[in-house]
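Top to bottom, those sequences are chains A and B.
All you need for the working numbering is the position in the first sequence, starting with 1, plus 4.
All you need for the working numbering is the position in the second sequence, starting with 1, plus 4.
Hints may be right or wrong, so weigh each one.
Chain copies aren't distinguished; within one or between two, either way the pair holds.
[Claimed, not checked] The calculated SDA-like cross-link candidates involving lysine to any residue, where the alpha carbons are at most 25 angstroms apart (straight line), are: (1) LYS408 / MET377; (2) LYS408 / ASP322; (3) LYS146 / ALA19; (4) LYS296 / CYS61; (5) LYS408 / GLY353; (6) LYS296 / GLN10.
I should point out that these hints are in silico values taken from the structure, not numbers from a laboratory.
These are the residues of each chain, in order.
There are 2 protein chains.
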Amino acid sequence: MPVNLQPPIADQLLAVEGVRLGTAEAAIRKLNRRDLTLIELAEGSRAAGVFTQNRFCAAPVQVCKSHLATTSPRALVINTGVANAGTGEQGVANAKASCRAVAKELGIAAEAVLPFSTGVILEHLPVDKLVAGLPAAKAALKADGWYEACHGIMTTDTLPKCASRQVSIGRHTVTFTGMSKGAGMIRPNMATMLGYLATDAKIAQPLLDKLVREAADLSFNSITVDGDTSTNDSFILIATGQVGAEIDDEASREFQIVRGEVIALAQWLAQAIVRDGEGATKLMSIAVEGGKDRDECRQIAYAVAHSPLVKTAFFASDPNLGRILAAIGYAGVNDLDVNKLRVWLAADGEEVLVAEQGGRAVSYVEEAGARIMKNAEITIRIDLARGGAEATVWTCDFSYDYVKINADYRS
Amino acid sequence: MPVNLQPPIADQLLAVEGVRLGTAEAAIRKLNRRDLTLIELAEGSRAAGVFTQNRFCAAPVQVCKSHLATTSPRALVINTGVANAGTGEQGVANAKASCRAVAKELGIAAEAVLPFSTGVILEHLPVDKLVAGLPAAKAALKADGWYEACHGIMTTDTLPKCASRQVSIGRHTVTFTGMSKGAGMIRPNMATMLGYLATDAKIAQPLLDKLVREAADLSFNSITVDGDTSTNDSFILIATGQVGAEIDDEASREFQIVRGEVIALAQWLAQAIVRDGEGATKLMSIAVEGGKDRDECRQIAYAVAHSPLVKTAFFASDPNLGRILAAIGYAGVNDLDVNKLRVWLAADGEEVLVAEQGGRAVSYVEEAGARIMKNAEITIRIDLARGGAEATVWTCDFSYDYVKINADYRS
Chain A
5 MPVNLQPPIA
15 DQLLAVEGVR
25 LGTAEAAIRK
35 LNRRDLTLIE
45 LAEGSRAAGV
55 FTQNRFCAAP
65 VQVCKSHLAT
75 TSPRALVINT
85 GVANAGTGEQ
95 GVANAKASCR
105 AVAKELGIAA
115 EAVLPFSTGV
125 ILEHLPVDKL
135 VAGLPAAKAA
145 LKADGWYEAC
155 HGIMTTDTLP
165 KCASRQVSIG
175 RHTVTFTGMS
185 KGAGMIRPNM
195 ATMLGYLATD
205 AKIAQPLLDK
215 LVREAADLSF
225 NSITVDGDTS
235 TNDSFILIAT
245 GQVGAEIDDE
255 ASREFQIVRG
265 EVIALAQWLA
275 QAIVRDGEGA
285 TKLMSIAVEG
295 GKDRDECRQI
305 AYAVAHSPLV
315 KTAFFASDPN
325 LGRILAAIGY
335 AGVNDLDVNK
345 LRVWLAADGE
355 EVLVAEQGGR
365 AVSYVEEAGA
375 RIMKNAEITI
385 RIDLARGGAE
395 ATVWTCDFSY
405 DYVKINADYR
415 S
Chain B
5 MPVNLQPPIA
15 DQLLAVEGVR
25 LGTAEAAIRK
35 LNRRDLTLIE
45 LAEGSRAAGV
55 FTQNRFCAAP
65 VQVCKSHLAT
75 TSPRALVINT
85 GVANAGTGEQ
95 GVANAKASCR
105 AVAKELGIAA
115 EAVLPFSTGV
125 ILEHLPVDKL
135 VAGLPAAKAA
145 LKADGWYEAC
155 HGIMTTDTLP
165 KCASRQVSIG
175 RHTVTFTGMS
185 KGAGMIRPNM
195 ATMLGYLATD
205 AKIAQPLLDK
215 LVREAADLSF
225 NSITVDGDTS
235 TNDSFILIAT
245 GQVGAEIDDE
255 ASREFQIVRG
265 EVIALAQWLA
275 QAIVRDGEGA
285 TKLMSIAVEG
295 GKDRDECRQI
305 AYAVAHSPLV
315 KTAFFASDPN
325 LGRILAAIGY
335 AGVNDLDVNK
345 LRVWLAADGE
355 EVLVAEQGGR
365 AVSYVEEAGA
375 RIMKNAEITI
385 RIDLARGGAE
395 ATVWTCDFSY
405 DYVKINADYR
415 S
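If we strip away everything but chain A, and leave its shape as in the complex, we get:
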């Protein structure tokens, strides 16, 4: 059961001027499944992306990076069922062939097409099936196609993830709509976290390039379900430029508004993945502050977030402080003074100091911890008391169902 995550309501998803989306059943791996999504972008659109750091980088990711570096994109093509990863040169050829087919269908250059795949790895993409499905996806293209598209990119997600925001910039109403998929950082064979966020604002390419990195850092790169990183992870930020004047000054109020909206929406989309994490029953925020730099804050937050012992304790609603302290201690920050740091548990408006001076806080009573642990959304706040840097990481707990899902996955 996803943690406080509802399916999107079609009427509440807002069209982004310059973006049309269509889906089709292409039988990539299974019949009767919406497994092909086409996104068409108006001329003049700009995009920027961040991709997996995995050395087994999938073929579509390689092609996507190369195309993004070549020209402005006019279309995205996304298939589920087969990830086209661990497929060598044939995989790259297949990804390029898919782009050529989309280009021909839409009358654009092949380099203006960005390919994405998610599904089983080590299997070749059936390009012929994908190509055969394109006319139906093209025929389905529409401005309010986000609802269908967010279903079209799902694999084993239990819920589609899509949301919109709207904001006034001067006399213009600017829209932001995004969708994501993924239920583990890697969904074993049906791999991959995918995130797409489009706005009709006109944003200069250098700002867009910078913003996609910052937003990814604060959202998709700050979540973890199981510490595994997919071969296909991609996050694409699109600005179609259909509304308002070009935003090209990083210090401008306009850009700060756009920046805030993009980060907030990216965080919503990223957290939705954690809420729908494999077997998740709780959303945990690990907020580390008072660090020397952001890196050490992230290092400690991730050590806590990845600890199977912490995650199983949260599943059991057990305020097991020892496991949290031990994870902080082995995070690898070697000059950390554990006698100075403090740890709080917080939920539902209540915050309790649980650890200080190298041990349990004098004021702490187990009942307070137990009360907090009953909530579905819990924050672990850690003050390192040695600087001004901070970082937050989101994760979910570790349940029987996680093992069940991953042990049964291929059977």
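Could you slot chain B onto chain A? The hints should help.
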């Protein structure tokens, strides 16, 4: 159920000249439980240790390090029930008080006593109970007390872990006996991996200091159950010096024999912990070769060993190559050429090439992988093909029982 691990047979555990062991029920945390172990060493004994890297280093570990640096040890005192970790200055005072009490009982200096604790953390050690138990432990001291002692240091291990080896060096018969405890790298509250290895050989202190590090590196520091590191982990190598002439030349045949025996026994003791890992159904060896250096081999081996996706696949006996390749890919070796590496699965004398050239091996058939995965002990061999370094890490799979044990632990 431990993986291919049998309880020790009392008759097969060999006394080490100069070592006497005794246990008692001290009611440290629970009644009617053998929770106090005393080890007395003959005068002239030498010891060397390696300890947890966790910043929340437990009080006994701090005292132990300090005493080892001060004088040669004459006694070890080990309690279960309370780990005396996360206990601040009072914890250190309690550990020192325990040493003083042992010293008084045995007529030795307090600095010649090494204290060890394992059990719940964030709770203070009841020194009075420990002290009250000492006369009984002293009265029970005997040369063939290893069998009782390996039971005495257990917490939630399902089996005690103790073994002996004997070898001829010149005209002398040298004995090595060791014991260990631990069922996760951290056993949540009942924390800690402890390992003790004693020989009656006479080994010069510099060689002993070096050997304890090498042996730990190749054994206790090459295992993982869940990636968590305890606050109390300790491994102590003791040479009582009762048999033969002093071994002080690293290049000598004598030292090479001792070295081989110590490493082999330490590996047996370390692997016993993995075999008895929480919920373990399989022992996995991840052997990485062809690396530029040992560090990158370990980095990749640990990435595979820590991946919950790989571990759940092994639990399911599923030869899920994609998960192994993905873990290699995200291990953080940034210039790794995934098209050059090869991966094999091996068990029971059979070895199958499963991946090469960035994907599934052409010769690989799923039936062969499935056959290997049915075994209880499986090796994943990875050739990075870029150098001569190698490293092996041992771990176990990830089962429903792991979650059950850790979610239920405190209830």
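Okay, the hints, checked on the actual structure:
no.: 1; hint: LYS408 / MET377; result: both (24 angstroms within a copy, 18 angstroms between copies)
no.: 2; hint: LYS408 / ASP322; result: both (22 angstroms within a copy, 13 angstroms between copies)
no.: 3; hint: LYS146 / ALA19; result: within (9 angstroms within a copy, 82 angstroms between copies)
no.: 4; hint: LYS296 / CYS61; result: between (33 angstroms within a copy, 22 angstroms between copies)
no.: 5; hint: LYS408 / GLY353; result: neither (34 angstroms within a copy, 30 angstroms between copies)
no.: 6; hint: LYS296 / GLN10; result: neither (38 angstroms within a copy, 49 angstroms between copies)
The structure fails hints 5 and 6 (numbered hints given earlier, in ascending order).
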